[in-house]
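Chemist: Sequence:
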Amino acid sequence: MPPKTGASFNAQAFLDSSGVARNVVEYRRGETIFSQGDSGDHVLYLQKGGVKLSVLSKAGRQAVVAMLGPGEFFGEGCLAGQTVRMGSATASMNSTILRVEKSQMERVLHEQHAMSDRFIAHMLARNIRIEEDLIDQLFNSSEKRLARTLLLLARYGKHDKPVRTVPAVSQETLAEIIGTTRSRVNFFMKKFQRLGFIDYSDGLKVNNSLLTVVLHD
258 MPPKTGASFN
268 AQAFLDSSGV
278 ARNVVEYRRG
288 ETIFSQGDSG
298 DHVLYLQKGG
308 VKLSVLSKAG
318 RQAVVAMLGP
328 GEFFGEGCLA
338 GQTVRMGSAT
348 ASMNSTILRV
358 EKSQMERVLH
368 EQHAMSDRFI
378 AHMLARNIRI
388 EEDLIDQLFN
398 SSEKRLARTL
408 LLLARYGKHD
418 KPVRTVPAVS
428 QETLAEIIGT
438 TRSRVNFFMK
448 KFQRLGFIDY
458 SDGLKVNNSL
468 LTVVLHD
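Position in the sequence shown (first residue = 1) + 257 = the working numbering.
In case anyone wonders, no lab produced these hints; they're calculated from the structure. For every residue, glycine included, the Cβ atom is placed at its ideal position computed from N, Cα and C. Where hints are given, some of them may not hold.
As the list claims (entries may be wrong) - Pairwise CB distance ranges (calculated):
(1) R439 x L468: 20 to 26 Å
(2) R441 x A270: 38 to 44 Å
(3) E363 x R439: 40 to 46 Å
(4) A320 x S398: 14 to 20 Å
Could you build all of it, start to finish, from the sequences and the hints given here?
Modeler: Below you can see the structure in the form of structure tokens.
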């Protein structure tokens with residue numbers, strides 16, 4: 258019997274039990290999962306690790322769209338008629354990813370209501386995140402955008418317990434996410450460290466006091 262829907266719904270367990278042919282792929286840090294322009298014929302589910310989603314403009318400028326963590330779907334554009342990938346996906350750390358063919362995912366979503374509810378909730382949350390990112394880019398300073406990005410990477414605001422240690426991410430990548438230069442990121446990171454908002458004693462750790470930067474007008 259499939260798991261019940263709700264806050265504790267386990268998408269991984271459901272995918273394992275819903276008759277979906279398993280195609281689990283391991284990726285090393287920095288390895289390309291798919292590239293912009295590739296054929297879009299499957300949905301991916303991140304079991305373990307991290308994924309960076311990015312887009313490349315015609316002028317050759319790259320922008321990071323999102324940093325994903327375990328339990329998140331991506332590549333779902335193929336379900337909405339996107340025949341090619343609109344961006345690229347790269348493993349930000351060693352990752353385990355479940356690939357589900359488009360036709361199988363469509364069948365599961367039509368037949369299994371719990372999975373459909375979970376997926377719709379995921380899509381709505383993703384759309385809200387995109388809207389928040391757009392507002393952030395339009396109205397907030399680069400310092401606030403960096404603080405918000407670090408908090409999101411540390412999973413503050415998620416339903417599960419926050420992970421205060423941020424996955425390995427370069428200052429160049431942070432600059433691409435928030436739309437500024439590496440030197441500005443370096444300046445603010447040093448400021449955050451000096452104020453005790455972050456520390457590097459055992460990897461990059463984010464303290465909840467960093468929220469004051471985001472909430473400050």
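Chemist: Hint by hint, say whether it matches the structure.
Modeler: Each hint, compared with the structure:
Hint check: R439 to L468, Cβ distance near 24 Å, so the stated range 20 to 26 Å holds. Hint check: R441 to A270, Cβ distance near 43 Å, so the stated range 38 to 44 Å holds. Checked against the hint of 40 to 46 Å, the C-beta distance between E363 and R439 comes to roughly 42 Å, which is consistent with it. A320 and S398 have their C-beta atoms about 18 Å apart, which keeps the hinted 14 to 20 Å range intact.
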